[in-house]
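A.B. asks: Residue strings, one per chain:
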Amino acid sequence: MQVEDEMVRFVGKGTRVLVQGITGTQGRFHTRLMLEYGTKIVAGVTPGRGGGEVEGVPVFDTVFEALEEAEPEASIMFVPAPQAKEAALEAIEAGLNPIVIITEGVPIKDSIEVIARARRRGITLIGPNTPGIIRVGECKLGIMPSAVFRKGRVGIVSRSGTLTYEVAAQITRAGLGESTCIGIGGDPVVGLNFIDVLRWFQEDDETEAVVIIGEIGGDAEERAAEFISEGGFTKPTAAYIAGRTAIPGRRMGHAGAIVEGNVGTAEGKIEALKSAGVHVGSLPGEVAKALKRMMG
Amino acid sequence: MKLLEYEAKEVFRGFGIPVPRGKVAESAEEAIRVAEMIGGQVVIKAQVPVGGRGKAGGILLAETPERAGEAAARLLASEVRGIKVRRVLVEERLKIEKELYLGLTVDRRYGTYVILASSEGGVDIEEVASRTPEKIIKQYVDPIDGFRPHHARWIAKRLGFSGGLMMRLSEIAMRLYDLGVEVDAEITEINPLALVGEDLVAADARLNIDDNALFRHGDLLQRYGGGELEGLSEVEREARRLGLTYVELDGNIGIIGNGAGLTMATLDTVTLYGGRPGNFLDLGGGTPPERVEQAVTFLLNDKRIRVLLVNILGGITRCDEIARGIVNARLKAGVIKPMVIRLSGTNEEEGIRILREAGVEVMGTMEEAAERSVILAGGR
Chain A
17 MQVEDEMVRF VGKGTRVLVQ GITGTQGRFH TRLMLEYGTK IVAGVTPGRG
67 GGEVEGVPVF DTVFEALEEA EPEASIMFVP APQAKEAALE AIEAGLNPIV
117 IITEGVPIKD SIEVIARARR RGITLIGPNT PGIIRVGECK LGIMPSAVFR
167 KGRVGIVSRS GTLTYEVAAQ ITRAGLGEST CIGIGGDPVV GLNFIDVLRW
217 FQEDDETEAV VIIGEIGGDA EERAAEFISE GGFTKPTAAY IAGRTAIPGR
267 RMGHAGAIVE GNVGTAEGKI EALKSAGVHV GSLPGEVAKA LKRMMG
Chain B
6 MKLLEYEAKE VFRGFGIPVP RGKVAESAEE AIRVAEMIGG QVVIKAQVPV
56 GGRGKAGGIL LAETPERAGE AAARLLASEV RGIKVRRVLV EERLKIEKEL
106 YLGLTVDRRY GTYVILASSE GGVDIEEVAS RTPEKIIKQY VDPIDGFRPH
156 HARWIAKRLG FSGGLMMRLS EIAMRLYDLG VEVDAEITEI NPLALVGEDL
206 VAADARLNID DNALFRHGDL LQRYGGGELE GLSEVEREAR RLGLTYVELD
256 GNIGIIGNGA GLTMATLDTV TLYGGRPGNF LDLGGGTPPE RVEQAVTFLL
306 NDKRIRVLLV NILGGITRCD EIARGIVNAR LKAGVIKPMV IRLSGTNEEE
356 GIRILREAGV EVMGTMEEAA ERSVILAGGR
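Order-wise, the sequence lines are chains A and B. Our numbering numbers the first residue of the first sequence as 17 and each following residue consecutively. Our numbering numbers the first residue of the second sequence as 6 and each following residue consecutively.
Since the hints were made in silico from the structure, they are not lab data. It is possible that some hints are incorrect.
Examples of chain A residues toward chain B, derived with CB under 8 Å [as the list claims (entries may be wrong)]: (1) 29; (2) 259; (3) 273; (4) 300.
Note that this is a predicted model, so its numbers are computed, not measured. Backbone N, C-alpha and C fix where the C-beta goes; we use that ideal spot for every residue, glycine too.
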């Protein structure tokens with residue numbers, strides 16, 4: 017099977033955003049926080065709730081109506097897991113790009129189909145089970161607490177939520193700050209991998225150094241290490257890998273955080289990243305210290 | 006959700022995958038009756054949700070129904086890999102000429118299903134994969150085009166089959182794929198797929214269903230939801246009942262965090278400072294005080310736990326609600342254990358004030374909190 021090598025599409029200050037599932041508790045809450053951050057949310061969709069408003073944002077029944085009336089370019093989804101697939105297919109058909117799926121608990125079979133269809137249309141899909149993406153000081157399509165970030169030159173790519181905020185807060189406290197932070201998601205099958213994001217960071221002039229936050233399960237970190245070893249990514253890189261104390265065969269919270277046989281151990285990932293020249297911290301706090309040294 | 010072998014075989018049968026004649030038994034008497042019904046030699050297999058049962062002595066042979074009863078009695082009085090045997094599967098003994106492997110799983114790298122097949126069946130397939138990777142055939146399935154009969158025939162061809170057996174093998178591969186997709190399998194395996202005369206039979210069966218898809222498989226959950234619980238400890242079963250995201254570990258420091266990554270990092274940090282985590286417990290996001298109280302009470306009541314470490318980084322989660330939950334649990338539980346709390350983020354000041362007033366220790370960073378919990382547990 018062939019996986020196309022295409023450019024990732026992210027968001028910026030002017031990006032017009034649609035919120036799918038805007039009338040739910042999470043949807044409402046984060047719509048307000050995203051608007052406060054400066055994200056340009058132009059429409060919301062909840063089937064059956066069209067005609068209303070959330071935080072001054074018009075709500076439509078379908079993505080196509082929203083498209084005609086408000087011309088969104090990107091979508092962020094707070095749709096419950098059982099409905100996530102259909103909502104995502106609607107956004108894909110409407111050509112929204114990127115699409116961020118915050119929802120946790122999406123069946124793998126649904127994710128597989130959604131990601132394949134997005135890929136076929138050349139659409140960047142972030143998630144599922146992600147905190148989203150933040151371009152610090154510009155725009156946020158996500159649920160991360162903005163207080164932990166300050167504009168700076170460190171890019172973060174992560175499989176986790178709160179652990180990312182922990183590391184970001186320490187980077188901020190160290191006086192460095194962040195450029196863009198992207199959660200690729202904690203599920204076994206997600207739309208973006210570390211390499212897609214590293215490739216984007218390589219070209220991003222605002223990003224001087226990068227942090228990879230990984231965890232047990234799969235081999236995405238090992239492949240990122242290989243990509244770095246081969247010269248695909250050349251900026252200074254630090255990493256933290258969670259799950260050294262995990263028990264093989266047991267899921268540690270995230271659907272994707274599981275050591276299967278001898279695949280996906282923290283040791284294997286740490287070893288691979290170290291041999292690619294990445295500084296791997298054994299405590300989250302060491303990441304910020306390492307960055308400080310690397311960035312002079 | 007992990008199905009036991011006999012449950013997986015039930016599902017297989019429903020999808021037209023041939024399985025040996027047999028029936029599950031919960032007593033020696035039942036096993037005798039099943040063996041009489043089958044006639045001839047039988048195999049008695051312990052039904053526990055773990056692999057490697059053969060090596061662990063969980064599979065026995067019997068020549069007569071009486072012997073089958075004895076074998077069943079022996080297994081039913083034993084443990085296999087630490088799990089008490091409650092049921093055995095009594096099956097006809099197959100005259101196996103060759104053992105193959107056939108499986109369906111999710112490939113995380115390509116984000117799709119993959120069919121795995123090998124002429125080296127009956128052994129640990131991961132060992133085959135690491136020793137002789139060329140002996141494993143991988144057929145990736147395009148998520149939109151699907152797995153088609155010609156893909157299945159190509160697998161059978163590459164395993165060296167032709168004619169009727171090739172057709173038969175490809176038919177079984179198609180059915181396994183249909184089954185896997187229909188029931189949202191994370192993994193389903195036939196190992197070994199036994200060549201018996203001119204037919205192929207699933208001598209063993211494995212089926213794990215994606216937990217996130219159980220909302221649309223109420224029937225399967227109801228019918229097969231119990232087997233997996235047998236592989237869990239009592240504490241874990243209780244956690245499951247309460248709906249907590251919990252994994253038991255063998256140490257004495259109880260750990261609660263919010264978010265899988267942060268909770269894992271907390272465990273790792275405690276270990277790095279020389280402590281021994283007793284569990285993983287992830288509260289998730291936006292937890293109300295009652296839920297926090299429940300989680301804290303759960304660990305206070307766990308006798309193995311000597312010190313409690315709570316590490317919260319509030320985004321959606323509000324620190325004051327966490328603090329209230331902790332204080333309530335302490336008041337009601339009637340069990341006093343040292344606690345170390347780290348609270349940071351939304352409504353942090355209020356949360357810290359509530360805890361300090363109740364006399365609970367609050368630390369500024371996760372590293373400090375972890376180190377302190379290790380000291381309180383008396384071990385470095």
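A.B. asks: Indicate, hint by hint, whether the structure satisfies it.
C.D. replies: Each hint, compared with the structure:
1. 29: Where the cut-off is 8 Å and the nearest Cβ of chain B is about 23 Å from residue 29/A, the hint is violated.
2. 259: 5 Å, holds
3. 273: 6 Å, holds
4. 300: With Cβ-Cβ at 6 Å, under 8 Å, it holds.
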